[in-house]
Amino acid sequence: MKGYVLKVVAGLALILSLAYLIGAYSPYAEMRNLPAYTVSTVTRITVTLVLSVLWGVSFGILAATNRVAGYVVTPVIDLLQSIPILGYFPLVIGFLFTWGAFGVEVSVIVLLFTSMAWAVFFGVVAAVRAIPANVIEASRSFGITGWKYTRHIILPAIAPALVAGANLAWSDGWFFMIAAEYIEYKGAIVSPPSGGIGVLLARSAYFYRDMGMAVQLLVYVTVLVVVINSLSWHRLMNRAGAGTFKPLLQIGLSGIGKMGAREASGWFSLEHIQVPKAFSAFWQRLEDYTRRQKMLTAVIAAVIIAVFLIGELHHLPSASTVAQAFAQPPGEEFGGIHWLILMTMGRLTIAYVISLAVAIGLGVLAAEHKLAAAIINPVYDIGQGVPILALFPAIYLGLGSVFGSQRLALEVTCIVMLVLDMIWYMFVNVSSAVKNIPSEIREVGSLFGFKGMKRITHIVIPSILPAIVTGSILSWGTGWNTVIFSEYLPSTGPGVPDVYIPGLGSLLDKAGYVYGNTILLVVIVTIIGAIVLGMEALIWRPLLRRFEKYKVEV
Amino acid sequence: MPVLEVKNISKRFVEEGNEVLALEGVNFTVNDDEFVCLVGPSGCGKSTMLRIISGLETPSGGEVIFEDKPITSPTPKISMVFQLFGLLPWKTAQENVEIPLEVIGVPKAKRVEKAHEYLRQVKLEGSENVYPHDLSGGMKQRVGIARALALNPEILLMDEPFSSLDELTARALRDLVLGIWRKRGENPNSIIMVSHNVEEAVYMADRVLVFSPRPGRIIGEVNVDIPRPRFDHRRDQQYFETVDGVMELLKNGKGRV
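Protein chains in written order, with the working numbering: chain Y, 1 to 554; chain C, 555 to 811.
Bear in mind the hints are in silico, worked out from the structure with no lab data behind them. Since we're looking at a predicted model, the values are computed, not measured. C-beta: ideal position from N, C-alpha, C; glycine also.
Facing chain C, a subset of chain Y residues (Cβ under 8 Å, in silico):
#1 V444
#2 G449
#3 F450
#4 K454
#5 H458
#6 P462
#7 K549
The following label-pair restraints were derived from C-beta to C-beta distances:
#8 E569(C) - R129(Y): 27 to 35 Å
#9 N377(Y) - E570(C): 17 to 25 Å
#10 L465(Y) - D587(C): 39 to 47 Å
#11 S717(C) - V9(Y): 49 to 57 Å
#12 Y149(Y) - L575(C): 35 to 43 Å
#13 S717(C) - S141(Y): 19 to 27 Å
#14 A663(C) - M345(Y): 42 to 50 Å
#15 L465(Y) - E570(C): 27 to 35 Å
#16 L465(Y) - E569(C): 26 to 34 Å
#17 S230(Y) - L722(C): 51 to 59 Å
#18 E795(C) - R140(Y): 41 to 49 Å
Using the sequences and the hints given, assemble the complete structure.
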């Protein structure tokens, strides 16, 4: 305990002195606020984390234990998770303009929440579903129900998943700090009145274009994250056994709810493209319903249709407003949308293939060789906490001097950014899957003399295939998020033009940030959502189902 | 004539920061054409002993001598059947049997033929192209046995091979293994099996070695002189007396700790 207190004091002293030094030696007066802004950002992320945990635990348990809720809540959250942080912009504007300074603070937390909450929710759902049937039956037989059941069975069972999910959310928070604290709206910049490290980072990178300053702040954030991790998360993870837990591996399976996923992918599956199948599946299930269930279904459907009609008549934008939105900039670019989609998908695919190859290589290496792990794992720990968005201008300026053309420099920068972002999810999934190969399979490998490449192709790769698919889903999800910020580098001062490469991401930026064309923004976000869900249904879920057989039953 | 000698084996490992002594001063030999069974309470280190013989684990002290040399790593001459089958889920039954042959460099045509032959021996013809996921527990263990036999091992190790199967399936597989072993002039020559089922041990083995609770030591040895095939003698007085003898040793072992 004494040692721990000492560690806390030393950690705080290190952070404070760093903050003071950076502020004191900086040419910009606003950097003096670094200590205070640190408190503000840490508080902000912590508050959001608490909200995420509260929300994730309550909704997660509800979605996993209640059949009806499972059908409704999980697909909705799956959908919300696929929407990039900017997609929540329209929601945030409501707070921004009506609640003044307090509204801006709330907006930042809302934005952070939209990137932090999912990890906790999906972790909890997977963990509740993974409670063994015998434990559930045993507790039922002893009459443990209701709150007692939640307290003695569910909460202890999900503790490791919860801690791991919360840790992931925490990292996500640091990752999206800049995007959340530095909101651009119609050319003006909105930042939280209490300030934040993200504000300073964004200002030095985008406004001052002072890479030295930005790098100093990045190092500072890294130290901060590492110190906090070692003081809190490492202890907590060890205590909860979260290190041995692998919530990420299960996220993919818990997606649209068990039944729903299978059926949904059935509708979309390539061999027999039959849209009416959705209805036939529904009618089939309807036949098994009792009369009361049929009545209930009819009532729910009636209510939904009624609400929709009323909304259509009164609240939804009329056809003429939509047409008007398309007539305003950047609506004119909408004609070539298929090219934009193709270009953005191309960038994502290139970045995905690179991350996949590197992550599998490093993940397998880290799990198979102790020495390699000693190097790779700390780099991973530190790297995942670095908000790469702040690197964006730095990489662009660096590459700009290498490549003559602005366009090419940004093109390469964009792919580098995507790789840096996507690789973490692949890596964490691959390396934890390699670590979790069952001991019997490992023993079979050594007993029958599998070595080198044979061991990797026959034993290691097949056993991590399910994890690779889950990692791919998450990588693409986060990739979509990042592509929005990395196709468009906003102007940094008077006379400096915006730089962008054509793509779905830059179009979204223009619609959201530059022109404030909300209707167009919603349309683009819907397109992205459709692509994400379509890929999930057409590619990832069929693959997941196929590799399900590869799981070793123990 | 002994084919395998276990000499003064001890095994220590670290569990949650504490050093645990799993095995201490274990000595025994396995003879040509002999079936030896290790029984003992759970956690007594008998599975660890089997893994040391297989070369999967290295002892902290002592050595296991096979063909005049200490065992340091796995060899195709000593093969193993696992409690949870240890099948690769991404390979069919046929491929699971083929793969150890591929590793030791058997050409494709030959290993296909061998895999067929051994799958037939364990009565799995027709299920060659099925994945483990779609096989029953008994069928999975048949694949596991075929895989181990296909290497034509001198010694076959079995780690509680029937304990995760239902009793009827287990009975059928016990007789299947005994039938294969009894075939004259063919490998496996000797079998070492770990079990916590005394009736099973007495039914199958020539000699039962009884282990004490952790740290595992051999506290007794029972020779089983019941004539084979034992199916015909499973109601004999001698069978029950032998079982009682092993039980008595197990009980005494517990009392001593």
